[in-house]
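Engineer: Using the hints, position chain Z against chain R.
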Amino acid sequence: MQDVHSTQDSARPKRPLLAWFDVRSSRVGGWAFALNRLTGLGLVLYLFLHLVILSLLLRGEAGWDAFIRLARSPLFLTLDAVLIFGIIYHGLNGIRVGMVGMGYGVRLQRALFWSLMAVGLALLAASVWLVFTV
Amino acid sequence: MQNATANQRKTGAAGGLWLLQVISGALLIAVLGLHMFVHHFVVEGGLRDFQDVLAYVASPLVVAVELVFLIVVTTHAMLGLRAILLDLGPSPKVEQAINIILTVIGMGTAGYGIYLALALHALAR
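Top line first, the protein sequences correspond to chains R and Z.
If you read the first sequence in my numbering, its first letter stands for residue 5, the second for the next number, and so on.
If you read the second sequence in my numbering, its first letter stands for residue 20, the second for the next number, and so on.
No lab work stands behind these hints: they were computed from the structure.
Treat the numbers as computed from the prediction; the structure is a model and nothing was measured.
There may be inaccurate statements among the hints.
Label pairs and their computed distance ranges (CB to CB) [what the hints assert, rightly or not]:
no. : chain 1 : residue 1 : chain 2 : residue 2 : range
1   : Z       : Pro79     : R       : Leu45     : 17 to 25 Å
2   : Z       : Val113    : R       : Phe52     : 20 to 28 Å
3   : R       : Ala85     : Z       : Val57     : 16 to 24 Å
4   : R       : Val32     : Z       : Arg144    : 46 to 54 Å
5   : R       : Leu62     : Z       : Gly52     : 45 to 53 Å
6   : R       : Val32     : Z       : Ala74     : 44 to 52 Å
Heads up, the beta-carbon is just placed ideally off N, CA and C, and yes, glycines get one too.
Chain R extracted, bound-state conformation (with noise of 0.2 Å):
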C-alpha cells in the first residue's frame, strides 16, 4: 500500500495504466488501487449516464413511468447492484487514501483497508438486500 499519493511518486511505470492490471505483483495495496480507479472511472460514466436518464423527466410522465418499470427489471435492479458495490469500496477505499495521505494510520493501513471492506461488504449485503426486497 505505498501507492496513497501516486500523482506525486517520483518513479512512475513506463506503461502506467497497463501497471494497474500487473498482477505478478501481489501486494494488496496494488489490487486496491487498481479497483478504486476503476469503480472511480465507472461512477464517473454513471454520473453522466444518471443526468441522461434524469432528462426524462422533463418529457413528463409518461416518459419517466415507462423508465421505472424496466428499471425495476431484474437485470436493472443487478446493474444496481453492481453501482452499489462500486459506491461502497470507492467511498471505503477512498477513506482510507485520504487518512494515510494526511498522515493518519500509515501504520495500520492495511487493518484499516480490511476493517474498512468487512464494513463494506456488511453495507452491500444490506443495500443488495433493500435493493432486491423493498
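Structural biologist: Relative to chain R, chain Z alone:
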C-alpha cells in the same frame, strides 16, 4: 531560483487539489449516502414515480441539497479523472489542455444538472 519557486507553487497547487479531492470525497460520503437512502432505499420499488419526484423537488431545501450534491460530485469526478490522466505523464502543454478540457466538462455537467434541477422545481410549483 525561479524554477524552484515555480516547482514549489506547483507542488502547493497539486497538494491543494489533492486536499480538495479528499474533502469533496468526505462530503460525498455524507451527501451520496443521504441521496441513496432518500431516493432509493425508502421508496417503494426503489425509484420515485413522476408525481412523487415533482412532490419531492417542490421543496427549495431539497433542490439546494441536490445542487450541493451535484457540484461536489462533479468536482470530485473531474479531479479524479485529472489524477488518472496526469498519471500518464503528459507534457506541461498537454497537462494544461487536460485542465481546460476537464474544467469545461465539469462546468457543463454542473450547469446542465443545475438547469435540470431548476426546471423540475419550476414544473413542480
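Engineer: Check the structure against each numbered hint from earlier and tell me which ones fail, lowest number first.
Structural biologist: Structure breaks hints 1 and 5.
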